[in-house]
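With the sequences and hints as input, model every part of the structure.
No gaps in the numbering here: position 131 of the sequence shown is 131 in the UniProt record's numbering, and each next residue is one more.
Just so you know, these hints were derived from the structure itself, not from any lab.
Any given hint could turn out to be false.
Straight-line Cα separation of at most 30 Å, DSBU-like style, residue types lysine-lysine; simulated pairs [what the hints assert, rightly or not]:
{"id": "1", "residue 1": "LYS354", "residue 2": "LYS35"}
{"id": "2", "residue 1": "LYS332", "residue 2": "LYS147"}
{"id": "3", "residue 1": "LYS100", "residue 2": "LYS303"}
{"id": "4", "residue 1": "LYS14", "residue 2": "LYS354"}
{"id": "5", "residue 1": "LYS332", "residue 2": "LYS35"}
{"id": "6", "residue 1": "LYS287", "residue 2": "LYS303"}
{"id": "7", "residue 1": "LYS14", "residue 2": "LYS35"}
{"id": "8", "residue 1": "LYS35", "residue 2": "LYS147"}
{"id": "9", "residue 1": "LYS332", "residue 2": "LYS287"}
{"id": "10", "residue 1": "LYS147", "residue 2": "LYS100"}
{"id": "11", "residue 1": "LYS354", "residue 2": "LYS332"}
{"id": "12", "residue 1": "LYS287", "residue 2": "LYS14"}
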Amino acid sequence: MSQTVRGVISRSTKAPTEVVDVVIPDPGARDVIVKIQACGVCHTDLAYRDGGINDEYPFLLGHEAAGIVETVGSDVTHVEVGDFVVLNWRAVCGQCRACKRGRPWYCFDTHNASVPMTLTDGTELTPALGIGAFAEKTLVHEGQCTKVNPETDPAVAGLLGCGVMAGLGAAMNTGNVGRGDSVAVIGCGGVGDAAIAGARLAGATTIIGIDRDPAKLEWATDLGATHTINAAEVDDLVTAVQDLTDGFGVDVVVEAVGRPQTYTDAFYARDLAGTVVLVGVPTPDMKLELPLIDFFSRGGALKSSWYGDCLPERDFPMLIDLYEQGRLPLDKFVTERIGLTDIEDAFAAMEQGKVLRSVVEL
1 MSQTVRGVIS RSTKAPTEVV DVVIPDPGAR DVIVKIQACG VCHTDLAYRD GGINDEYPFL
61 LGHEAAGIVE TVGSDVTHVE VGDFVVLNWR AVCGQCRACK RGRPWYCFDT HNASVPMTLT
121 DGTELTPALG IGAFAEKTLV HEGQCTKVNP ETDPAVAGLL GCGVMAGLGA AMNTGNVGRG
181 DSVAVIGCGG VGDAAIAGAR LAGATTIIGI DRDPAKLEWA TDLGATHTIN AAEVDDLVTA
241 VQDLTDGFGV DVVVEAVGRP QTYTDAFYAR DLAGTVVLVG VPTPDMKLEL PLIDFFSRGG
301 ALKSSWYGDC LPERDFPMLI DLYEQGRLPL DKFVTERIGL TDIEDAFAAM EQGKVLRSVV
361 EL
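Printed below as a string of structure tokens:
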């Protein structure tokens, strides 16, 4: 039988979110119902609310979540009732051209639940990133569930579902940061600071956090930056980075802002044959103009990082284990713990740069 739970929806562009009754149907053959314990408030949820993703309203927001498997479909084998899981939006299909080439982190046909969640009047909801976890329960495909250590704080574990994994993976997976490398991270919000933590974990010896907000630079230092640069206080950011690296620039720059100017700074702040990783999300109207000869003469690699090029089944349990060992301070990303009715305040705090993550606890 279907069941009704509380959830947070967005009905129209930039309209305030609402806590409403959400109908969870019986799961399809390979679907599961997860009782949500915690869900982080991510910029992507705000983008959904404001029409920055698509116009398939109403949206059931929330996607950075952890919880307990409550009900499973008839053909589910991946998880069992009672499993503690982190939800992910890259449930790889195993059959698309990326998966068959051995690059499943680029899967082009990821799985989602086979039946929709609805409002009580039957209106179908579009779950954020196929998850919809600002709710007491949600319905997802079994492949969207990754089992992790059940002793972990759900508010911490759930952060791997999106932003923190995006930053960690941008450094560790996409950027291939290694022992002794020098790294600069432009933009020290949640994703950028996760890249700093990832660079530290990977063994980078020089890690430069760059932002215009002194509070964010303090967060960056706390999470592993060896140096910081306040971009508002320097005339030339590229020169400032070179001054910290014997005039050469860094091996890897992670650009976590997503703007043409910060990308241009990232391009020139790297050493010859260095790597730029774009993880900040630009808007469709943005354009980049650089001399083509500079692309040729500097060499190296220019990469984009989607979801930190992660494989949830590989990466989530490993990162949780590192957290439990005290080697990865995931708990430092949890700035505040809130309820379902506090989403709009959390969006405002996020826009004002006051938090790394607000986390809804249920």
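Checked hints:
Proposed proximity of LYS354 and LYS35 is supported: the alpha carbons are some 29 Å apart, at most 30 Å. A C-alpha spacing of about 22 Å is found between LYS332 and LYS147, which places the hinted pair at or below 30 Å, so the restraint holds. Taken as a hint, the LYS100 and LYS303 pair is honoured in the structure, with Cα atoms around 22 Å apart against an allowance of 30 Å. As the CA atoms of LYS14 and LYS354 are separated by approximately 21 Å, the hinted pair is consistent with the 30 Å bound.
Distance check on the hinted pair: LYS332 and LYS35 sit about 25 Å apart at the alpha-carbon level, within 30 Å; holds. Note on LYS287 and LYS303: the hinted pairing holds, with a Cα-Cα distance of about 16 Å set against a maximum of 30 Å. Restraint check for LYS14 and LYS35: the C-alpha separation of about 28 Å stays at or below 30 Å, so the hint holds. For the hint linking LYS35 to LYS147, the alpha-carbon distance of about 14 Å falls within 30 Å, and the restraint holds.
A C-alpha spacing of about 35 Å is found between LYS332 and LYS287, which places the hinted pair above 30 Å, so the restraint is violated. Using a Cα cut-off of 30 Å, the hinted pair LYS147 and LYS100 holds, with the two alpha carbons roughly 24 Å apart. The straight-line distance between the Cα atoms of LYS354 and LYS332 is roughly 14 Å, inside the 30 Å bound, and the hint therefore holds. Distance hint between LYS287 and LYS14 is fulfilled; the C-alpha atoms sit about 25 Å from each other, no more than 30 Å.
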